[in-house]
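Asks: Residues per chain, in single letters:
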Amino acid sequence: MKQRFLSIRQYLLPALIPLLLCSCGREPVFLKSPAGQPGDGVPQILHLGNGAEPKALDPHVVTGVTEHNIISALLEGLVTENPKTLEPQPGAAESWTVSDDGTVYTFLLRSNGKWSNGDAVTAPDFVFSFERMLSPGLSAEYAEMLFVMKNAAAFHEGRVTDFSQVGVRAVNDHTLEITLNAGTPYFLSMLNHYSWYPVHPPTILKHGKMDERHTPWTRPGNYVGNGVFVLDTWEVNKEIVVKKNPLHWDAKIVRLEAIHFRAIEKALTEERAFRAGDLHVTSTVPLDKIEKYQQNSPELLMVSPYIGTYYYLFNVEQPPLDDGRVRKALSMSIDRAAICTHVLKAGQLPAYHFVPPDTGGYTSQARVTYDIAAAKKLLAAAGYPDGKGFPGFELLYNTNESHRKIAEVIQQMWQKNLNINVVLKNQEWKVYLDSTQQGDFQVARAGWIGDYVDPNTFLDLWITGGGNNRTRWSNGDYDNFIASAASTSDAAVRFEAFQKAETILLDELPIMPIYLYVSLSLIQPGVRGWYPTLLDHHPYKYVYLE
Amino acid sequence: MLRFIRSRLLEAIPVLFIIATLTFVMIRLAPGGPFSDERNVSPATLAKLEAHYHLDQPLPVQYLTWWRKTLTGDLGPSMRYGAHSVNEIIGHTLPVSLELGILAITFALVIGLGAGIVAGLKPNTVTDYAPMSLAMIGICIPTFVIGPLLLLLFALRWQIFSVSGWDTATDRILPAVTLGAPYGAYIARLTRAGMLEVLNQDFIRTARAKGVSEFRVIYKHALKGGLLPVIAFLGPATAGLLSGSFVVEEIFDIPGLGQHFVNAAFNRDYTMIMGTVLLYAVMIVVFNLLVDIVQAALNPRLRLE
Amino acid sequence: MDQIDKSTSLWSDALRRLCRNRLALFGAVFLLLILLLSAFAPWLTPYEYFEQDLVLGAIGPCREHWFGTDTLGRDLFTRVSYGGRISLLVGACATSVSLTIGVLWGTISGYSGGHVDRVMMRVVDIMYALPFTIFVILLMVCFDDVEVRWIDPQLFTLLLLFVAIGAVEWLTMARIVRGQVLTLKQQAFIEAAVTLGLSRRRIILRHLVPNVLGPIIVYTTLTIPSVMLLEAFLSFLGLGVQPPMSSWGLLINEGADAMEEYPWMLIFPGLFLSAALFSLNFLGDGLRDALDPKSAREQ
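Protein chains in written order, with our numbering: chain A, 2 to 547; chain B, 309 to 613; chain C, 448 to 746.
Don't read these hints as lab results, they were simulated from the structure.
No residue lacks a Cβ here, since even glycine has one placed at the ideal position from N, Cα and C.
Warning: the hint list may mix true and false statements.
[Stated by the list, open to error] Label pairs and their computed distance ranges (CB to CB):
no.: 1; chain 1: A; residue 1: Gly390; chain 2: C; residue 2: Leu491; range: 28 to 36 Å
no.: 2; chain 1: C; residue 1: Arg510; chain 2: A; residue 2: Asp478; range: 53 to 61 Å
no.: 3; chain 1: C; residue 1: Ala486; chain 2: A; residue 2: Ala338; range: 36 to 44 Å
no.: 4; chain 1: C; residue 1: Leu482; chain 2: B; residue 2: Ile468; range: 39 to 47 Å
no.: 5; chain 1: A; residue 1: His208; chain 2: B; residue 2: Leu379; range: 25 to 33 Å
Could you build the full structure based on these sequences and the hints that come with them?
Replies: As structure tokens, this is what we get:
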């Protein structure tokens, strides 16, 4: 008997050991600099965690942040960004002038601008690039970014077939004139989006037609760019290496010799690589690690406000959410501050309006509030006193750790504060997209990242029939305010219109803002010239290692 | 024997055909397409994109086109990674997965067979309990726990191995162990069971009574029958291991094919799904055929039908 | 010949022998304990599995929370106990589904031989290769809008879960069983049974299946953990338990991501899963020994 019992212990003890070992990992983060000792001898090779494998490196067909990070090293637009403020500063264009009404921009390209094969960067190159981006044949997902130009939308949709009618013109080899539909105060900052980047016409035409997708021109050896770096190697699912472009007009101030963009999809894997010193900067930080880094090594954690809002969509056609009072009650009864402090923990701010504060100088005056008593009254007025008779609904989110946690927390808040039952439902990403697009949901999680720094990129989402308006909400006044803002370049008048529009939005609440995104990354102490910015852009020109 | 192999290969044709057809239908029925994203593309652009990949043609035409191109060895462009074709991606990643898979299966076989035989010879003793409880641990602790645990200890704490990447020979060790461990555990348990089954049988007792050496008994007689379940398990297991593991590749940052099996489905990358499924189907057919041959070779009484 | 007579009293004999095996008995008792814990969870803990304490957050084991809490401040003991319900249910049901299909398929295929065997095994090959993720997504989407009246919707998703898991897990079982049956088929006692004119059904159920029980039981005990972990993957795809309800598989998944920061979130569900599987294994080994017709003859 005794022997038998011993053998049971023999079975169980080994089972415990590896599990108990887990608890050993709680020591301060240690660092092994890949670059060796700090000092002048540091090799200027930057290793970046860059998330998923990029879909492509053609600026006119890509859509993501991963791709932006690489392409912005390989190509340069008319303007570039100040590394700290992202203010537009001279890029391929040395200087520019704006007409009085703000609709005509004249760019003077620099005479020493060169492609990586030695050709001069000229105004016709930009005209070619814009034509390519807008050509119906290429079917660029981001073609709409260029629609601020005169006749651009018409050309893309095939209503105008002669590109010379579009508002871009090469006055001479070094002068480019762009005519806009209306004064667009954020036009210059838009130019930093890759959809406005130039491509090298002979290279494009050598490998295919102008409007042909995915020709081999983006392969190492073929890629000709005008950026600070040139494409060196591309190993699928592993890394992309870019090397310094000696022909770039500003090459003398560039200190980095090369950048390695590692394709590491899993945040935990990336964090381990960072901890081992294999990466200088990560693309994100795992949710559970944030607190430990804050406590143990806050200097490694870079948190910066990001121009994006996390919110829930209400399907306004589905009862009980067709009742504005119900939507308001739901919005009023969640404690956004608690979600930020206790669930997200990284310094995200509660979103009391939809447009992030101080977006291009605009901050909404209207706000949603946290007021349980008022929420209860609204719910009672809608016919559900103390949640009685409330039909309940499904809360849809795409499968993800942090979406799940937030949904669980909000479910409990509604249960506790309003006494209503909500069923959570998670779907795989593409199924979730299909459901929300088809309107096959009641409440769904969503997020929006601004494309440029202006309230318009947020507020024009909710116009009637907007391509991304999945709430089915429609309000004539709202549409009018957004339209009137688009037709003026007077900043005060525009912001006034946006204020009125957002007031309507926050009163009707087809959406419920929850929190404001931050961009999170881990950064080694030796990285210089890498600043927190609103768009998470980090012009590599100014980055170096110490 | 040759006739058997030939007839099995002929059978493979309808099998592959059915797999490809069913997969083709299944992926088109799944909601969401390769180009759906958080930001909607305009209907016009979407139509153009679909036309670019010939998704606007009637399904039977698309299906036949796919077969025509596939039979010439062209699996088409990836709809997600536009810059690369499915052939290229498989060409880049399959060798990595093959290498990792071979290492893992070798590790699993050495550990699993060793532990299983030792345990099976003297059941209900320490030499049975110790390896078997280890095997149970291997089964209970999932890959996504073992992998990070090994990395924390061997890469971050003791810095024996690097934490990510697939560059040097030592980079192979931890992933191969992580990937092979659960398979090793399966093999160990199946080997033990098979051994016990056989060792009780009359012919073994006869052999032992005749004074045949213990090594010979194990090697010549017991293993033959005892390994049958292991071999049956090995067919699909090898196909699975060689085609890559999503979890292990993710944890160790390995540029293998396994991630494409999973991601292609999530991305609705139609061409990539078809390509990977076809590849896996070929592996399954081949390894199950090999298994049947080996089983027959181990057991002469078993005729190949 | 005495094999045939023995088979009638096989099961009662087996039970007697099983009870004599202490390790197996220990496994059974322990398993029962875990089952009871899961069944009576609501009476054993003052907390609800969904009850949050955001301010508290994740804390290690202490007097109030025996197993600590998760990042939303929910009592882990409660969640592990409730999670056991799902995991044990899934483990038991999905494994039975795959066991039944696999054993029958493999035996029939192996015993029949010829064209039947070929076709049945090629069906297995086909099932292996079909993309599982897409299959699950389709299964979920197809039944998403189906109004089920005859059963609770939550139970209905669990049912779908069993179908999905059963559909993949029986394949290897079928191949293993077929391999065993092929060898057994030529052995004297089966040939004797055939000569005696016993029905196919009787030969398969009474003589073939009991003699391949060893590998079957072992492979079954191996299937259970993979089924429990597969359930977590299916939940990821949206099929299975919906939060805030949880399962051991989901808790382990969650704990694995936080193993350095909050190790208890991995250790406790991991321990429960391991303990249950070890017990099952002792029980399985005991069953195997008890049911072995050859060892029966010795006694």
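Asks: All hints are to be evaluated individually against the structure, with a verdict given for each.
Replies: Against the structure, the hints come out as follows:
no., hint, verdict
1, A:Gly390 - C:Leu491: 28 to 36 Å, "holds (34 Å)"
2, C:Arg510 - A:Asp478: 53 to 61 Å, "holds (59 Å)"
3, C:Ala486 - A:Ala338: 36 to 44 Å, "holds (40 Å)"
4, C:Leu482 - B:Ile468: 39 to 47 Å, "holds (43 Å)"
5, A:His208 - B:Leu379: 25 to 33 Å, "holds (27 Å)"
Comparing the model with each numbered hint stated earlier shows that all of them hold.
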